[in-house]
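Asks: Letter by letter, the chains look like this.
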Amino acid sequence: MELFEDYLAGAGQAYDEMFDGDALRGPYERLASSFSQVTGAEVRARAEALTTAYLEQGVTFDIGGEERAFPLDIMPRVIEQDAWTVIDRGVQQRVKVLEMFLDDVYDTGRVFDDGVVPRSVVTTSSHFHRVAAGVHTPNGVRIHVAGIDLIRDDRGDFRVLEDNVRVPSGVSYVITNRRAISAALSETFTGHRIRPVGSYPRKLLNALRASAPAGVDDPTVVVLTPGVFNGAYFEHALLARTMGIELVEGRDLVCQRGRVMMRTTRGLEQVHVIYRRVDDEFLDPVHFRSDSLLGCPGLMNAARAGNVTIANAVGNGVADDKLVYSYVPELIRYYLAEEPVLANVDTWRCGDPVHREEVLDRLGELVLKPVDGSGGKGIVIGPNASAKELETLRAKVIAEPRMWIAQPVVQLSTVPTLFGDRMRPRHVDLRPFAVNDGHKVWVLPGGLTRVALPEGELIVNSSRGGGSKDTWVLAGGRAVEPVRAAVPEVHAPPMDAGPAVVARSAKAQQQAEQQQQAGCDPAAEPWSAPQVPTC
Amino acid sequence: MLSRIAESLFWIGRYVERAEDTARILDVQTQMMVEDPTVDIDAACRTLLSVMGTEVPGQTDGGRLTLESALFRLAFDGDEATSITSAIAGARESARRARETLSTDMWEAINSTYRYLPSGRFRAMRTQDAFRWMRERAAVINGMADATMSRDEGWHFLVLGRSLERADMTARLVATSALSPGAHSAWPTTLRACGAYQSFLRAYRGLETDREAAEYLLLDRLFPRSVVHALTRAELCLRNLEASGQRVGFQDEAQRLLGRARAELEYRFIGDIVADLPGEMERLQRTCAAASDAVTHRYFTHAVTMSWQGGAAR
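Heads up: the protein sequence lines correspond to chains A and B, in order.
Sequential numbering of the first sequence, starting at 1, is according to our numbering.
Sequential numbering of the second sequence, starting at 1001, is according to our numbering.
Okay, chain A solo, but in the shape it has when bound (with noise of 0.2 angstroms):
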């Protein structure tokens, strides 16, 4: 195996999902002989193939004004079908109590008189709006699209790194990941049993039209993004393509005596749901940012009269701040008196005095992560930052203690990925989205695989250059044969050549004849001689 030569030299001590050891995990067994059977030049090229590929279709974003194609390895990420069991029990857990956790916040707050979360965590988040509280959606959800970020340990077990219910991103590159990698490894392909992740746009929008006001038969629902200039417009797009439903900005909508109209060439028409892709902060002026020119002044009050639902809904950031996932297990035991089945990561809370002296005490060996901070953005590797830094950091958190919070350094797990021709272990993590349609909690069997490219990075986010991966979900089994089926008659009718046709077929003797008559038979001359027009 030319392309894994000297990979287990490069692995360090995380949990390596293809090798345990020097031998091959099971569900990579397929997937390693069909990568034995090629060259690692021949990967290189389809792997280049896959980039050109993603231009041309226009998969790309940007980092500082510059459009890159989405990076995407070749190697695909496999997940056995006993790991995606606990994976989908416990992300629909999880959801389940965000929802039933939002919906006291915003509510009667039965969870702090409880004492099992203190007050001040929800009110001092910078994600929770007053102006949510008593907005009900028709059919009571509010996390319409979770995405619940899960990195798997040094034991192989996966555990919840944060939870994602304002606007989760990157289910459009799933989709197109796993339509580019089938391309490209089709013969590899067709000998799994691979969950289909096709079906997301349908689920996203039953949900959505499930969440319709009442006594709208059939609603009109959008998608709202900030416009084309935002990193992830080529989701927006896509998803509204996918689910054939208009793509809005702000500016395309209007509020009108509590209701939500778009401007059509056919003048104004009724919105009724709003797939938004656009921050609280900036959804609407008159109650947030009156500077903002992505949202729709009035929408929160045709919200609040119950004439649109806006998904997901406002004010879902408390429920994904940092400081509230710690919180998580405990809550799963208050709603549902149930075990957590997907464990957190270790999470001390500087605003509590004993966390913050331990934490304070081990700041060069723990990852310091800001509460509200997403995309990477804020985080202090203690083992990797400078004594400079770390005195920094140390100021920070004693000037404002409820703004962080600490965590062990984890050993994410580590997939094979193609470095020139040869495969390198990286560390990875992995976000399945959840859809709620207010019956059932549906988990899309694969999710986005991001990948930290730098050797030993362990953030992965794509605004920091990380890749991503096609993540293959198996159904039970082993590959099985097809099922054989019967061929159905079909007594189709003969298709007419046309005349050109039918006259080739007896043009060649027509030919003959013609030279025959004009006294030059071809079959006489060597077939190699000169054509020389003699008649």
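To be clear, the hints were calculated from the coordinates, so they are not data collected in a lab.
We put the CB at the ideal spot given by N, CA and C, even for glycine.
Each hint should be verified, as a subset may be incorrect.
For the chain B half of the interface with chain A, some residues (derived, Cβ under 7 angstroms), not all of them [unchecked claim]: (1) 1001; (2) 1003; (3) 1006; (4) 1096; (5) 1097; (6) 1105; (7) 1111; (8) 1112; (9) 1135; (10) 1136; (11) 1172.
Only some residues are given here: those of chain A computed to face chain B with a beta carbon under 8 angstroms [stated by the list, open to error]: (12) 228; (13) 246; (14) 252.
Restraint-style ranges between C-beta atoms, simulated for each label pair [claimed, not checked]: (15) B:1031 with A:179: 24 to 34 angstroms; (16) B:1301 with A:270: 42 to 52 angstroms; (17) B:1081 with A:485: 53 to 63 angstroms; (18) A:199 with B:1201: 29 to 39 angstroms.
Assemble the complex: chain A is given as a structure, and chain B must be docked to it using the hints.
Replies: Chain B in isolation, oriented as in the chain A frame:
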């Protein structure tokens, strides 16, 4: 359909047609200037630039214009608003904004055309190859649209934009030929640039005169690049967009403008038109611009964009 999306489609139609027709016009002009030794290159370039609606440098400060500089401005210069490069970039930007409504095939056709620009491949081609490439790309884009877009409102806006631009650009092409300073007639080359030469010869049985060539490009009802054909097509799109059937006259300003312009062409003596071709063509271009404004006003801007002023929660 969203007004913003409709506007994007209308402009995709216009930009693609503009890029193609500019390539056609430049192709003719290059050939004329290269083949005819009697042509005053400087004067020909000035005419070309002014007919294409760009700023013509003053005779004193600009010095003498060369064919290369004129071609650069009209084809490759990204800062020139009406160059081929700008038109492709504009088409791609509009397509990006309307991406969810375009078919994937059409988006890819536009996007891969655009990707030739930043990579420098378009600039590196020999000019004749570049013009041919542009014509072919436009054919791919239009062909993809034709094969994959459903004939809904969006399609009508796309074709409306394309037809308006085509009428305008054919008018410009006719004007450049009429103004051509060379000793030889520019008309055969002009007809060839439109791909109209063979069909013209067949229609007029080889009777090839300047007047007939102008007549053909302006008035032929069957040739798809003629002004009258393009105007008729644009009118048809407007009629399809107009929801209600009308018994009296036309309510729509764009429809009125285009109908009047077409009637002016069709019902006047051809001799009157040919007598002052550049002037007639300029009037036609202004009508197209006015019709475009009328469409914008009616379909794309329903209300003045409002902005929120005043107290927020914080």
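Asks: Holds or violated: 53 to 63 angstroms for the Cβ distance of residue 1081 (chain B) and residue 485 (chain A)?
Replies: The hint (53 to 63 angstroms, Cβ to Cβ) holds, given that residue 1081 (chain B) and residue 485 (chain A) are roughly 60 angstroms apart.
Asks: Please check whether residue 246 (chain A) passes as an interface residue: C-beta within 8 angstroms of a C-beta belonging to chain B.
Replies: 6 angstroms, holds
Asks: Please verify that hint: residue 1111 (chain B), Cβ, nearest Cβ of chain A, below 7 angstroms or not.
Replies: 5 angstroms, holds
Asks: Is 42 to 52 angstroms a correct range for the gap between the Cβ atoms of residue 1301 (chain B) and residue 270 (chain A)?
Replies: Cβ of residue 1301 (chain B) to Cβ of residue 270 (chain A): about 20 angstroms, so the range 42 to 52 angstroms is violated.
Asks: Given residue 1001 (chain B) as an interface hint, is its Cβ closer than 7 angstroms to any Cβ of chain A?
Replies: With Cβ-Cβ at 5 angstroms, under 7 angstroms, it holds.
Asks: Taking the CB of residue 199 (chain A) and the CB of residue 1201 (chain B), does the distance hold inside 29 to 39 angstroms?
Replies: 58 angstroms, violated
Asks: Quick check on residue 1006 (chain B) please, does its C-beta sit within 7 angstroms of some C-beta on chain A?
Replies: 5 angstroms, holds
Asks: Holds or violated: is the Cβ of residue 1105 (chain B) closer than 7 angstroms to a Cβ in chain A?
Replies: 11 angstroms, violated
Asks: Answer holds if the nearest beta-carbon of chain B is closer than 8 angstroms to that of residue 252 (chain A); otherwise answer violated.
Replies: This hint holds: residue 252 (chain A) lies near chain B, its Cβ roughly 6 angstroms from the closest one there, short of 8 angstroms.
Asks: Hold the hint about residue 228 (chain A) up to the distance rule: shortest CB distance to chain B must be less than 8 angstroms.
Replies: Holds. Min distance 5 angstroms.
Asks: For the restraint on residue 1112 (chain B), tell me whether the closest CB of chain A is nearer than 7 angstroms.
Replies: OK, holds: residue 1112 (chain B) within 7 angstroms of chain A, min 5 angstroms.
Asks: Would you check whether residue 1003 (chain B) satisfies its interface hint, that is, whether its CB is within less than 7 angstroms of any CB in chain A?
Replies: Given a least distance of 5 angstroms, the restraint on residue 1003 (chain B) holds.
In terms of the numbered hints stated before, the structure departs from hints 6, 9, 10, 11, 15, 16 and 18, listed from lowest to highest.
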